[in-house]
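Student: Listed below are the residues making up each chain.
2 protein chains.
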Amino acid sequence: MTLSMYQASVPFFLRMLANLRAILEKGEAHAAARKFDAAVLVQARLAPDMLPLARQVQIASDNAKGCAARLAGVYPPRFEDTESTFAELLARIDKTVAFLKTLQPGQIDGSEERDIKLPLPNGTLDFKGLPYLVHFAIPNFTFHVVTAYNILRHNGVPIGKTDFLGK
Amino acid sequence: MTLSMYQASVPFFLRMLANLRAILEKGEAHAAARKFDAAVLVQARLAPDMLPLARQVQIASDNAKGCAARLAGVYPPRFEDTESTFAELLARIDKTVAFLKTLQPGQIDGSEERDIKLPLPNGTLDFKGLPYLVHFAIPNFTFHVVTAYNILRHNGVPIGKTDFLGK
Numbered sequence: 001m002t003l004s005m006y007q008a009s010v011p012f013f014l015r016m017l018a019n020l021r022a023i024l025e026k027g028e029a030h031a032a033a034r035k036f037d038a039a040v041l042v043q044a045r046l047a048p049d050m051l052p053l054a055r056q057v058q059i060a061s062d063n064a065k066g067c068a069a070r071l072a073g074v075y076p077p078r079f080e081d082t083e084s085t086f087a088e089l090l091a092r093i094d095k096t097v098a099f100l101k102t103l104q105p106g107q108i109d110g111s112e113e114r115d116i117k118l119p120l121p122n123g124t125l126d127f128k129g130l131p132y133l134v135h136f137a138i139p140n141f142t143f144h145v146v147t148a149y150n151i152l153r154h155n156g157v158p159i160g161k162t163d164f165l166g167k
Numbered sequence: 001m002t003l004s005m006y007q008a009s010v011p012f013f014l015r016m017l018a019n020l021r022a023i024l025e026k027g028e029a030h031a032a033a034r035k036f037d038a039a040v041l042v043q044a045r046l047a048p049d050m051l052p053l054a055r056q057v058q059i060a061s062d063n064a065k066g067c068a069a070r071l072a073g074v075y076p077p078r079f080e081d082t083e084s085t086f087a088e089l090l091a092r093i094d095k096t097v098a099f100l101k102t103l104q105p106g107q108i109d110g111s112e113e114r115d116i117k118l119p120l121p122n123g124t125l126d127f128k129g130l131p132y133l134v135h136f137a138i139p140n141f142t143f144h145v146v147t148a149y150n151i152l153r154h155n156g157v158p159i160g161k162t163d164f165l166g167k
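Heads up: the protein sequence lines correspond to chains A and B, in order. First residue of the first sequence? That's 1 in our numbering, and the numbers climb one at a time after it. First residue of the second sequence? That's 1 in our numbering, and the numbers climb one at a time after it.
Don't read these hints as lab results, they were simulated from the structure. Just so it is clear, the structure is predicted and the values come from calculations on it, not from any experiment. For glycine and all other residues, C-beta sits at the position ideal for the given N, C-alpha and C.
Simulated coverage check for chain A against chain B, where a stretch passes if three residues somewhere in it have a Cβ under 8 Å from a Cβ of chain B:
1) 1–7
2) 10–21
3) 46–60
4) 131–141
5) 150–164
When the alpha-carbon atoms are kept at most 30 Å apart in a straight line, the in silico DSSO-like pairs for lysine-lysine are as follows:
6) A/K167 / B/K128
7) A/K117 / B/K167
8) A/K161 / A/K35
9) B/K161 / A/K128
Here chain A stands alone, though its shape is the one from the complex (with noise of 0.2 Å):
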């Protein structure tokens, strides 16, 4: 097997997706046992000017479907951004994974050198596929998916490195 531009993102995707989903259902399940209203920490920030979990987990799942989709040259999903409870989170997480798993190998491998054009508030990111993947949609992606794990670990669930990179 060689590495290419599907292996490097889409499993990877999937697979810390999956992580994130597990870390979400032991926070709910912390919240239930100590009996406290888990939307507390589905707005719960590490700092004043963070954003919350909910959005933490809504933009881990727009970077996802976001790099997949601009590697295939394609349009993704759009979602509204309005989970406000933790069982909207891990649904976000689902529809995410149904579209990740709806693209195929060969329409992601060979886009090292694709013009990847990344829409934001102040103007428009040139890159090419292989930079836009290693150096901005994996560890922006990631950001969101520990930054996620941090909130609920600062806030007393019961989680460890081992639910973060999974089995």
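Using the hints, position chain B against chain A.
Tutor: Chain B alone, transformed into the frame defined by chain A:
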């Protein structure tokens, strides 16, 4: 250009370590500006049972040099984990970068099927090179860089996503 095991590892680690270095410098500058002991940040944690900033940086260093060395089939340099100041953590990053720069693409490319043995306290994890890089080393390394960022952000250091992703 074709994505390769080298392209997906060493340049990624180098860029993220440079970003981590700049983030730590902002942490040190923040402590100086607010006139508190920078050692408070070096020992700061997100949870009582999480590792402090210094250990996050040491482990990110270990993950980067360990991954690249294993893929190349060489031994990484061993560092003693004695850093207790920002200056020492920056030097640790510099030593890690210097080692990574000694590795040539030809040593790492083609390592997809290489047997990787990862010694752990309670046994050995066996991988092939490709899943080791994509599903273990990249997320594990990034976890510690993001957690270092989150520790500083949680403690009021003025950093943002651009510092994490680099320019």
